[in-house]
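Student: Chain by chain, the residues:
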Amino acid sequence: MNIYPEKKRILIIDDESGFTEMVKLNLEATGQYLVRAENNGVRAVDVALEYQPDLILLDIIMPGTDGTDICWSLREHEQLHHVPIIFLTATIRKNEVQDRPDDIGGYAFLAKPATIEELTKCIETHLNMNH
Amino acid sequence: MRSLSEPNQARIADFTKKLNVLIVENNPVDCAMLSGMLSKSTFGSFRLKGTDTLKQSFHILKEGTWDVVLLDLNLKDSSGLDTLHKLHEKYSQIAIVVNTGVYQDSLGLQAITCGAQDYLIKGKYKAYGLVKALYYAVERKRAEEELKAAYNRLKETQAQLIQVEKMTVIGGLASGIAHEVKNPLATILYGVEFLNTKLTPTDPQIQLTLKSIREATQKANDIIKDLLDFASLSKLTMVPESINTVIEHSLNFTKHQCDKCGIKIDKFFANNLPHILLDKNRIEQVIVDLILNAILAMPQGGLITIRTLVKKYEKKDTEGSQTDTSHFQPSEDVILLDIEDTGSGIDPNNMSKVFDPFFTTRRAAGGVGLGLSIAKTIISSHNAIIMLTNYARGARARIIFKAERPT
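These protein sequence lines are chains A and B, in that order. Mapping of the first sequence onto this note's numbering: position 62 corresponds to residue 62, and the numbering continues sequentially without gaps. Start counting at 1 in the second sequence, then tack on 1000, and there's your number in this note's numbering.
The hints are simulated quantities; they were obtained by calculation from the structure and are not laboratory data. Don't take every hint at face value.
[To be verified] For lysine-lysine, the following DSSO-like pairs were computed, each having C-alpha atoms within a straight-line distance of at most 27 Å: (1) Lys1219/B to Lys121/A; (2) Lys24/A to Lys1353/B; (3) Lys24/A to Lys1076/B; (4) Lys1211/B to Lys121/A; (5) Lys1225/B to Lys1076/B; (6) Lys1225/B to Lys7/A; (7) Lys1132/B to Lys1155/B; (8) Lys1225/B to Lys121/A; (9) Lys24/A to Lys1211/B; (10) Lys1198/B to Lys8/A; (11) Lys1353/B to Lys121/A.
[Stated by the list, open to error] Here are some of the chain A residues that sit facing chain B, going by a computed Cβ distance under 8 Å: (12) Glu16; (13) Met22; (14) Val23; (15) Val42; (16) Met62; (17) Lys112.
Predicted, not measured: the structure shown is a model, and the values here were computed from it. Here a beta-carbon is modelled for each residue, glycine too, at the ideal position from N, C-alpha and C.
Could you build the full structure based on these sequences and the hints that come with them?
Tutor: As structure tokens, this is what we get:
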């Protein structure tokens, strides 16, 4: 049960535990979000089912799995297909993202290292789009 | 290009070609004898001229076309192998047959090592032997020159291959590094941001520490970005653009920096320029880099002059170019872009290295040395030329594009 119903639930899936910790700290410090970090990409769908996030931040290159595959699994899942996804990746650069905003099926992209401000702005935009 | 393994049979089959022979001979009797020998010979055909000093021979060689010098080593103004050295050094493209009264095996071999094609002992040969020596010497010299040219071409190609290889390695490395380094960078950045919001530090030392960490992270990220530029240079989006517009756009990026450093910009844009097929973002990146370099060259402030014009290409437009210009033909239409500063100019010792990856004169200030190297790669992929030279008041960067005729 969500004990903070007013807070949005963010699930971040990224193999870098240090990074996910920092994202969690920063986002939760805003008072707007609850964050759950998952460092094992293989468990992404299970965790998403259990946590019921409002938005998912997804890394692309992870050991043992691929962010785009996870994205397809989430999209095809009847309980999860509506959850907005933002790709958070170090493989591309900022200006490439701007040049090709819908490189992977129209999903949002943030290039690491995006500032917390950019990250929260992007999250806001996609949460609003869904409502 | 003729292969070395297929000698031109017609050229070496007989002695019909007329040879221009300069006889440098101390002894007037010997000189007369040699002239007579050659002009009366039933073999070969010669245009002859004689002199008795090395100094005079230099004058004569400078004036006309000469195939071979018949050289006495002991002259009034020079003696021994020194004579050969001096002549070979000044006119390395001319065949030399040493003709001397001093008989010494070692001296003869040394003469060949020093660049002579043959070594004759006075009085030890007859007319046919002399004629043969002269024709053979010319042919040997020709083969040697051809070999030298082939060697130089090979060396040049090898240098280009090494350069390409360097780029490829850096490119591959860059993509790999980027992912591995950007993750920890993001972690550091977010860590600092969190501390910043949580601590609301009043202690100036803590403030300074957080600021330093943030700046260092940003700098590391910039370096990664530069490296990544190498990796993605093959992906160009070419669209016909007005170069003047691209420059104006680049100036917007650098305006703040110019104002801050007390630098004035003078623009002389031609308004009749045809559009150029280019990748706008990449060319902007190059122009911004060149302007930033100009700014850095003028810490006390100064003037940046930017000029564009369309003209018929002339060789002198690319005089001093660090890179190959052979794909530009005289009198084809080109568009010139000059960016001139009024700084201290480029150290002549560095002139040939400025485009090398990782070469920088600002290492201490954190320069990585990739800016100009990336610029060169971008410009080359536009089939254009970029070059840096010094002019009377500072350094000049020049880019030359081929003018694309509208189709």
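Student: State for each hint whether it applies.
Tutor: Against the structure, the hints come out as follows:
no., hint, in the structure
1, Lys1219/B to Lys121/A, "holds (24 Å)"
2, Lys24/A to Lys1353/B, "violated (48 Å)"
3, Lys24/A to Lys1076/B, "violated (93 Å)"
4, Lys1211/B to Lys121/A, "holds (23 Å)"
5, Lys1225/B to Lys1076/B, "violated (68 Å)"
6, Lys1225/B to Lys7/A, "violated (36 Å)"
7, Lys1132/B to Lys1155/B, "violated (34 Å)"
8, Lys1225/B to Lys121/A, "holds (23 Å)"
9, Lys24/A to Lys1211/B, "holds (22 Å)"
10, Lys1198/B to Lys8/A, "holds (21 Å)"
11, Lys1353/B to Lys121/A, "violated (45 Å)"
12, Glu16, "holds (5 Å)"
13, Met22, "holds (3 Å)"
14, Val23, "holds (6 Å)"
15, Val42, "violated (19 Å)"
16, Met62, "violated (11 Å)"
17, Lys112, "holds (4 Å)"
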